[in-house]
Every structure is written in structure tokens, then in C-alpha cells.
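**Q** Spelled out from the first residue to the last, the chains are:
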Amino acid sequence: MAEGGIAAALANVDERDNWKVHFADTMRGGQYVNQWRMAELHAKEAPDRVRELEAWGAVFDRTKDGRILQRHFGGHKYPRLAHVGDRTGLEMIRTLQDHGVHQGIDVFMEHTILSLLKVGDRVVGAFGYERERGRFKIFRAKAVVLATGGIGRAYKITSNSWEYTGDGHALAYDAGAELIDMEFVQFHPTGMVWPPSVMGILVTEGVRGEGGILTNKQGRRFMFDAIPENYRAQTADNEEEGWRYCQGSKDARRPPELLTRDHVSRCIVREIKEGRGSPHGGVYLDISWIKQKLPNAAEHIKRKLPSMYHQFKQLADIDITEQPMEVGPTTHYIMGGVHVDPDTQMSRVPGLFAAGECAAGINGANRLGGNSLSDLLVFGKRAGEFAAKFAKENSLGNIVASQAEQIESVAREALAPFDRHDGENPYQVQKDLQDTMQDLVGIVRNEGEMRQALGNIDDLKKRGERAAVTGNREYNPGWHTTIDLKNLLTVSEAITRAALERNESRGAQFRDDYPDKAEQFAKVNTMIAKAADGSMQVRLEPLPEMPEYLKQVIEESR
Amino acid sequence: MRTTFKIWRGDANGGAFHEYTTDIAEGMVVLDAVHDIQRTQAPDLACRWNCKAGKCGSCSAEVNGMPKLMCMTRLSELPLEKAITIEPMKAFSTLKDLVTDVSWNFRVKKKIRPFKPRPPDAADGTWRMQQEDIDRVQEFRKCIECFLCQDVCHVLRDHQMHERFIGPRFLIHVAALEMHPLDTENRIEELRDKQGIGYCNITKCCTKVCPESIQITDNGIIPLKERVVDDFYDPFGWIWRWMKRKSDSATEARNP
Numbered sequence: 001m002a003e004g005g006i007a008a009a010l011a012n013v014d015e016r017d018n019w020k021v022h023f024a025d026t027m028r029g030g031q032y033v034n035q036w037r038m039a040e041l042h043a044k045e046a047p048d049r050v051r052e053l054e055a056w057g058a059v060f061d062r063t064k065d066g067r068i069l070q071r072h073f074g075g076h077k078y079p080r081l082a083h084v085g086d087r088t089g090l091e092m093i094r095t096l097q098d099h100g101v102h103q104g105i106d107v108f109m110e111h112t113i114l115s116l117l118k119v120g121d122r123v124v125g126a127f128g129y130e131r132e133r134g135r136f137k138i139f140r141a142k143a144v145v146l147a148t149g150g151i152g153r154a155y156k157i158t159s160n161s162w163e164y165t166g167d168g169h170a171l172a173y174d175a176g177a178e179l180i181d182m183e184f185v186q187f188h189p190t191g192m193v194w195p196p197s198v199m200g201i202l203v204t205e206g207v208r209g210e211g212g213i214l215t216n217k218q219g220r221r222f223m224f225d226a227i228p229e230n231y232r233a234q235t236a237d238n239e240e241e242g243w244r245y246c247q248g249s250k251d252a253r254r255p256p257e258l259l260t261r262d263h264v265s266r267c268i269v270r271e272i273k274e275g276r277g278s279p280h281g282g283v284y285l286d287i288s289w290i291k292q293k294l295p296n297a298a299e300h301i302k303r304k305l306p307s308m309y310h311q312f313k314q315l316a317d318i319d320i321t322e323q324p325m326e327v328g329p330t331t332h333y334i335m336g337g338v339h340v341d342p343d344t345q346m347s348r349v350p351g352l353f354a355a356g357e358c359a360a361g362i363n364g365a366n367r368l369g370g371n372s373l374s375d376l377l378v379f380g381k382r383a384g385e386f387a388a389k390f391a392k393e394n395s396l397g398n399i400v401a402s403q404a405e406q407i408e409s410v411a412r413e414a415l416a417p418f419d420r421h422d423g424e425n426p427y428q429v430q431k432d433l434q435d436t437m438q439d440l441v442g443i444v445r446n447e448g449e450m451r452q453a454l455g456n457i458d459d460l461k462k463r464g465e466r467a468a469v470t471g472n473r474e475y476n477p478g479w480h481t482t483i484d485l486k487n488l489l490t491v492s493e494a495i496t497r498a499a500l501e502r503n504e505s506r507g508a509q510f511r512d513d514y515p516d517k518a519e520q521f522a523k524v525n526t527m528i529a530k531a532a533d534g535s536m537q538v539r540l541e542p543l544p545e546m547p548e549y550l551k552q553v554i555e556e557s558r
Numbered sequence: 001m002r003t004t005f006k007i008w009r010g011d012a013n014g015g016a017f018h019e020y021t022t023d024i025a026e027g028m029v030v031l032d033a034v035h036d037i038q039r040t041q042a043p044d045l046a047c048r049w050n051c052k053a054g055k056c057g058s059c060s061a062e063v064n065g066m067p068k069l070m071c072m073t074r075l076s077e078l079p080l081e082k083a084i085t086i087e088p089m090k091a092f093s094t095l096k097d098l099v100t101d102v103s104w105n106f107r108v109k110k111k112i113r114p115f116k117p118r119p120p121d122a123a124d125g126t127w128r129m130q131q132e133d134i135d136r137v138q139e140f141r142k143c144i145e146c147f148l149c150q151d152v153c154h155v156l157r158d159h160q161m162h163e164r165f166i167g168p169r170f171l172i173h174v175a176a177l178e179m180h181p182l183d184t185e186n187r188i189e190e191l192r193d194k195q196g197i198g199y200c201n202i203t204k205c206c207t208k209v210c211p212e213s214i215q216i217t218d219n220g221i222i223p224l225k226e227r228v229v230d231d232f233y234d235p236f237g238w239i240w241r242w243m244k245r246k247s248d249s250a251t252e253a254r255n256p
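The listed protein sequences derive, respectively, from chains A and B. According to my numbering, the first sequence holds residues 1 to 558 in order. According to my numbering, the second sequence holds residues 1 to 256 in order.
Careful, some of the hints might be misleading.
[Said to hold, decoys possible] Calculated from the model, a selection of chain B residues having no Cβ within reach of chain A, i.e. all distances over 10 Å:
1) 11
2) 40
3) 64
4) 65
5) 130
6) 192
7) 241
[What the hints assert, rightly or not] In silico DMTMM-like links for lysine to aspartate or glutamate, alpha-carbon gap of 25 Å or less:
8) A:64 with B:163
9) A:64 with B:178
10) A:313 with B:77
FYI, nobody ran anything at the bench for these hints, they're computed from the structure. Small disclaimer: the values here were computed from a predicted structure and weren't measured. The beta carbon of each residue, even a glycine, is placed where N, CA and C say it ideally should be.
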């Protein structure tokens with residue numbers, strides 16, 4: 001669950017911060033293939049959204065003068081993340097839930113959408129099932145907003161929960177929307193690596209924001225070894241300066257541990273590959289060292305990182321106030337998703353909106369930590385507003401005979417696994433897909449392996465079509481897995497095809513057959529759509545031209 | 001190492017323990033074993049889970065009779081020579097296997113008066129609060145709504161008083177609202193009359209099972225009980241309220 005905080009240029013801790021700096025940081029982090037308009041709206045509106053949460057009851061950590069405290073995070077020039085210890089996501093969920101229950105919203109918990117319903121071009125509803133009884137349901141709707149999150153479960157090692165199966169991505173794609181930037185999958189540098197059962201669970205970047213350092217088995221702070229050119233001017237060149245930065249010193253530059261996630265993950269992979277990793281195949285992340293600098297360091301760590309303390313103590317027998325953690329990259333987030341209008345969040349399918357991780361554009365080739373929570377607040381609000389507007393302006397679509405056929409066929413397909421005997425075990429097919437994506441379309445990619453992955457995905461699709469389940473329809477996780485599989489296979493294919501199209505290394509995409517950035521990919525997004533014959537088509541779409549005033553903002557921040 | 005698990009399987013109409021055997025490895029938690037069994041032997045075995053890190057509160061169950069988060073219960077903490085029993089929470093009705101119907105909790109929350117902040121402190125619409133004034137509220141807001149405290153509370157579990165008592169989770173929710181420095185609402189009367197705070201006789205079972213180590217009883221329920229006593233049973237408070245009501249109605253009479 002999101003831990004570190006919400007990025008918003010409130011300027012409560014450093015008065016030099018403002019939306020322009022946040023915008024420039026976001027674009028630099030995304031290697032300038034972001035949709036500039038989304039990055040602009042996001043930077044401008046995030047502070048209001050944080051203040052709105054406070055008005056709804058959220059209780060953020062405070063500055064000495066009683067305002068919302070902000071912490072350092074990777075790629076953000078100034079301390080910018082509003083947070084609650086390391087459980088910011090929980091605070092957001094709770095605040096929105098507590099506020100939401102009094103707004104007269106009908107909530108259908110544990111429902112899964114199988115297909116979006118359309119009349120002509122427009123979305124008019126959704127067809128799904130309720131898990132509790134296994135019954136099908138038709139939702140008629142004037143507008144639909146997808147907010148289904150990511151695709152982490154396509155990989156073996158992930159920080160994501162079981163639900164991150166790319167449902168919204170696949171539903172939108174099947175309904176005729178486009179997906180962009182699907183090659184950009186974020187591997188968070190610090191997931192747990194030991195014991196095996198917790199592999200992948202997130203270790204918040206807040207650890208590094210509070211002064212945590214990365215070392216290899218020789219005790220070397222390897223992040224100082226390879227600072228990228230475009231960040232050199234902003235990065236500390238010695239350990240002392242890095243520490244002063246974490247302590248809020250305004251003339252200090254960030255330690256290299258707080259470079260962007262794509263870069264930090266690659267450095268960790270390099271250390272491990274070259275034999276300088278920790279015993280369980282990771283590297284060391286050490287926050288306990290700050291006891292050399294701070295009195296009451298143990299108390300400080302427990303106060304600022306209570307969940308991390310608890311998580312390591314309980315699951316790995318490690319006391320993070322005394323010992324270093326072992327960490328390694330974990331699949332965390334997908335920058336790619338449904339292509340939406342930056343202002344309204346509507347896809348090219350009228351009435352179909354998307355927000356948060358399942359939408360795309362704001363992050364470009366790499367997302368900065370903290371920008372996902374602000375993204376979903378800013379664009380969640382916008383999607384809701386514009387969906388409501390769309391709904392007011394349009395009548396409820398009629399479910400006509402053609403939909404009845406569509407619904408019947410989706411229902412038949414969904415139930416087919418119950419009729420098969422001796423079919424494939426859906427859990428096993430899912431696991432084999434995770435192995436394929438982890439091994440062949442992971443942090444380091446090349447054409448040969450990805451072609452092989454496409455072949456595997458094809459085979460797995462056929463196996464998925466032979467999946468069999470036992471038991472009845474009530475709350476049946478095996479059955480549910482067969483439904484997840486279809487979506488996971490769609491997004492896995494999209495990731496692989498997009499990654500094959502981008503013959504360069506940029507942000508989260510690293511190709512060892514094209515290890516450098518290439519000019520011809522500097523101003524394009526990959527765009528995926530379903531062709532009339534049902535096949536997946538990829539093309540390169542030029543980025544919208546950035547207006548002069550924003551170019552200037554970027555220029556000023558170089 | 002081969003280990004035996006007895007998992008309760010069934011629905012609201014009844015069920016029974018089923019025995020499964022699976023290999024366990026270093027560092028495994030109960031939820032890992034349930035997943036292994038699901039993947040290889042019982043694909044329709046129902047359980048809720050989400051974060052696998054003790055943060056979402058989904059995988060609550062009773063392990064060897066104790067209310068636990070399955071994802072935070074290490075197998076190495078349990079006596080493995082005997083079969084490990086896993087069953088659903090008993091204070092709620094069972095939907096299927098380890099999945100219970102916790103929707104009552106959400107209906108309860110709806111009835112609690114929402115946060116009502118005072119006007120902003122600054123011209124830009126923001127407030128000022130000191131960290132030491134919110135430490136207690138933040139402790140309560142750590143709650144992950146796993147409902148283990150509700151499960152173990154005898155008022156709910158044994159006496160099934162769901163209609164008259166909101167349970168420790170929502171007493172903590174009320175406490176977080178009442179102690180929120182910005183909040184202006186008063187929930188004390190409802191706490192006594194509708195939410196049944198008097199039924200709690202502070203046995204502290206809820207505090208013992210809280211995976212977030214919230215001091216539910218000492219820091220939340222007891223101070224709330226004190227507020228109820230101050231408001232309703234203190235003679236000076238009673239007289240003050242009586243006078244206030246008189247003056248309020250006089251004001252209303254003047255400004256109808």
C-alpha cells in the first residue's frame with residue numbers, strides 16, 4: 001500500500017517550491033515523454049487536493065509551525081511529500097471512505113466487471129459479477145470511470161496485491177480505447193528479498209528520504225558511482241552533503257539514493273549481477289547508521305517509519321534501528337495505461353473515463369515517488385467532474401438486442417471453465433505467465449527475449465482457454481483467476497509489444513540491445529489499439545507540442 | 001517440512017474442518033500456506049487478502065483459536081507438531097470458508113456523525129495544528145479495519161448485540177473524531193444512547209488482538225467513557241446544560 005506521501009508543491013517546508021518546479025521535476029523524471037498538459041494540471045492542482053483531504057479529516061504530520069509537513073523523495077528538488085509516517089495511503093483511503101459514506105454513494109463491494117457495454121461508439125454500462133454469490137449483473141450508466149490501478153500481478157516479484165491484474169487496461173482496450181506508454185513498467189528499487197514468502201513487499205522510499213543509504217556487500221555506497229548527466233548538477237558529490245540535504249539544509253543537494261527509481265533499480269541490478277550483492281540476492285538499505293548523527297535515532301526511526309519497523313521485525317526478524325535491510329527491485333507501477341484527454345480524462349470512447357494508475361500520460365517514461373497519490377487525487381477529481389458533466393448531457397443508453405448477444409457471449413465464456421474437466425489449473429497458468437514476464441520482459445530487455453515472451457504469451461492464451469475450475473460460483477477464487485488471466489495476458493502482450501517498438505533505453509525501459517536514448521524516440525509515445533480483426537496494433541504517436549511558457553519553465557530549471 | 005492444516009470450509013448453512021497437508025519453508029506465514037493449498041489442492045478455497053504486509057486488514061481469521069491477520073502470523077510462532085486450525089471470524093456470519101460478511105461494520109460507520117471542522121485558521125483556507133496535539137488521533141487512525149477487535153469483543157461475539165453496541169473499532173473511530181483538534185461536532189449523547197458505550201466493561205480483549213497495537217481501551221474507550229460521565233452524570237454539568245438549553249431557547253425565541 002502507498003506509504004511515502006503525496007507530492008504537492010505546498011511550500012510548507014521550503015518556500016522556494018512552487019508548481020513550476022514540481023512540473024519541471026515531473027517532466028525530467030519522465031524523460032520528457034510525458035503529456036505536458038497532464039503534468040502541468042497535476043503540479044498546479046495537487047496542493048488544493050491535499051488541503052481538501054485535510055478539510056475532510058485527514059491528519060497529516062505537522063511542521064513546527066503547525067502546517068502540513070513535507071518530506072524528501074526521489075527526483076523532487078524540494079521536500080514535497082505530505083505524509084503520515086509511512087502509512088499515507090491508509091490515511092487517504094480512510095479519509096475518502098469516511099467522507100464518502102456520508103455522500104449517498106452506492107457502493108458495490110467485491111464486484112468484478114467482465115465487459116463494458118456500448119451502443120455505437122459510446123459506453124452505456126458494464127456487465128460483471130458479484131463475488132459473494134457469483135451472480136451476473138448489468139450496470140446501466142451514462143458514463144463510466146475506470147480506476148482499477150495497475151498490472152503488477154503480471155510479474156513474479158511485485159509489491160502489488162492480487163487485484164492488480166490490469167482489468168481497466170484490458171476493459172478499455174477491448175472497448176476500443178487506446179493504451180499508451182505500456183513499455184514503461186516501474187520497478188521500485190527497494191522491495192523485500194528475504195524470506196522468500198515476503199519477496200517483493202514494498203520498502204518505502206521514505207527510508208531513503210529520512211537518510212537511509214544503499215550499500216553493497218563491501219560496504220560501499222555504490223549510488224555515488226554512476227550519477228546520470230542530467231542530474232549531476234542537482235546531486236550531492238559527498239556523503240556529508242547528502243546527509244545535510246535529508247536534514248533540510250537548503251544549500252545541500254540530494255544524495256544519489258534519491259535519484260529516480262528507474263536509475264536506482266538499474267544500479268542495484270548492476271551490483272547484484274557483478275557479484276557485490278547481499279547474501280539473499282539484494283543489496284543493503286541502512287537507516288540504522290543515522291544513530292551516528294542523531295541522538296534518539298531509534299525512536300526517530302520508529303516514529304517516522306513505523307510500518308517499516310513493524311514489517312521487518314515481524315516478517316524478517318530484522319530490527320531496522322539496529323541492522324540494515326536487504327532489498328531488491330520489485331514490480332511496482334505501470335506508467336502506461338488508457339490514453340485520455342488531459343483535461344477531462346475521457347478516452348477516445350465517448351463516456352469512458354479513466355483516472356489514476358490505469359490512465360496514462362502524466363508520468364512519461366518514469367514516475368517520481370509521491371506523484372501517484374497526487375495524480376489520482378487531481379485526475380480522480382477531474383474524471384469525476386467531467387464524467388458527471390457527460391452524464392448530465394447524455395441520456396441513459398438503451399441496452400438493445402446486440403448488447404444482449406454480447407452479454408450472453410461474455411457470460412458463456414466466463415462460465416465455460418466450470419464445464420471443463422481435466423483442464424489447466426488457472427493458478428499454474430498465471431504463475432507461468434509471471435515467470436515469463438519476470439524473466440523476459442523485466443528490468444533489462446532485448447528483442448530476442450521479448451519475441452520469445454510473445455510466443456509464450458500465445459501459448460499461455462491457449463492454455464488459459466482450457467482452464468478448468470471446481471466448486472460452485474460463490475466466492476470462488478479459482479474461477480476468479482480464470483477471469484484475471486484474460487486481462488493479465490492482454491496487458492502482458494501490450495507491455496511486450498510496446499517495449500519491442502521502442503528501440504531505445506529511456507526511463508523505466510532499459511534495452512541491452514539499444515542501451516542509449518535515441519533521438520527518434522524522444523518525442524513519441526507508443527500507442528496500442530485493437531484492430532478490426534482483433535489483433536493488437538502498435539504505432540508511434542508524436543507527442544503534442546509543448547507551449548513556449550512551459551518550455552521556458554523547463555529551461556529555467558536546468 | 002510437511003505440516004497439517006485444518007481449515008474450516010462451508011457457508012452460512014454450516015460446514016466442517018477439512019484437513020490439508022503442505023510443505024512449509026523458512027519465513028512463511030499462515031496466509032502463504034493457505035495460498036499453497038489453494039493453488040495445489042483446493043482451488044475454490046475462499047479467503048480475503050490484499051497487501052500481505054499487515055496494512056489492509058483483509059485476511060483476518062482465527063488461527064488456533066486466536067484472532068489474527070493470516071499475513072502477519074509466522075508459522076514459526078505456532079506449534080507445528082499439531083495440526084494448525086484456521087477458521088473464519090466468529091462475530092460475523094460466514095459467507096464462504098474463511099470469508100465473513102463484515103458489511104455490518106460499514107453500516108455502523110454511516111450512522112456516526114462525520115468530521116465537522118472549525119473554520120480555517122488562515123486566509124488561504126488552511127489550519128494549524130501542533131504535532132503533539134494530533135499524536136493520539138494519529139494512533140487511532142492507524143486502524144486498518146481488520147475487525148479483529150470486533151471479533152474478540154464478547155458484547156458482539158457472545159451476546160450478539162450488534163444492534164445496540166458499535167464495538168471497539170467504532171468507539172476508536174468516534175474517539176479519533178472527538179479528539180481531532182479541528183472537529184466541532186458533539187457525539188457524546190449518541191455514544192451513550194445509541195452506540196452503547198456502557199456495554200463495554202473494559203476487559204481489554206480488543207487491545208490485546210490489535211495488530212496495530214492501538215491502546216483501544218486505555219487511550220480511546222476509557223477517555224470516551226469519562227466524557228460521557230462528565231456530560232451526563234456530573235451534577236454541575238447537568239445544571240450547566242440545563243441553563244444552556246434555557247438560554248438557547250431564549251435566544252431562539254428572540255431570533256426565530
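**Q** With d taken as the least Cβ-Cβ distance between residue 192 of chain B and chain A, does d exceed 10 Å?
**A** Residue 192 of chain B clear of chain A: closest Cβ-Cβ about 22 Å, beyond 10 Å.
**Q** Decide if the proposed pair is consistent with the structure: residue 64 of chain A and residue 178 of chain B, CA atoms, cutoff 25 Å inclusive.
**A** Cα-Cα ~23 Å, so holds.
**Q** Please confirm whether residue 11 of chain B is truly not at the interface, meaning its C-beta sits more than 10 Å away from all C-beta atoms of chain A.
**A** It is violated; residue 11 of chain B is separated from chain A by about 7 Å at its closest Cβ, not greater than 10 Å.
**Q** Is it the case that residue 64 of chain B keeps its Cβ farther than 10 Å from each residue Cβ in chain A?
**A** The assertion about residue 64 of chain B holds, with a minimum of 18 Å to chain A.
**Q** Compute the least Cβ-Cβ separation between residue 65 of chain B and chain A, then decide whether it is above 10 Å.
**A** Fine: 20 Å to the nearest Cβ keeps residue 65 of chain B off the interface.
**Q** Would you say residue 40 of chain B is clear of chain A, with no C-beta pair closer than or equal to 10 Å?
**A** Residue 40 of chain B is in fact no farther than 10 Å from some Cβ atom of chain A, at 8 Å.
**Q** Examine each Cβ of chain A, and state whether all of them lie more than 10 Å from the Cβ of residue 130 of chain B.
**A** Given a closest Cβ separation of 6 Å, the condition is violated.
**Q** A cut-off of 10 Å on Cβ-Cβ distance, and residue 241 of chain B was said to be off the interface with chain A. Does that hold?
**A** holds (27 Å)
**Q** Do the alpha carbons of residue 313 of chain A and residue 77 of chain B lie within 25 Å of each other, as the hint requires?
**A** holds (13 Å)
**Q** Decide if the proposed pair is consistent with the structure: residue 64 of chain A and residue 163 of chain B, CA atoms, cutoff 25 Å inclusive.
**A** With Cα atoms ~44 Å apart, residue 64 of chain A and residue 163 of chain B exceed 25 Å; violated.
In this structure, the hints that do not hold are numbers 1, 2, 5 and 8, in rising order.
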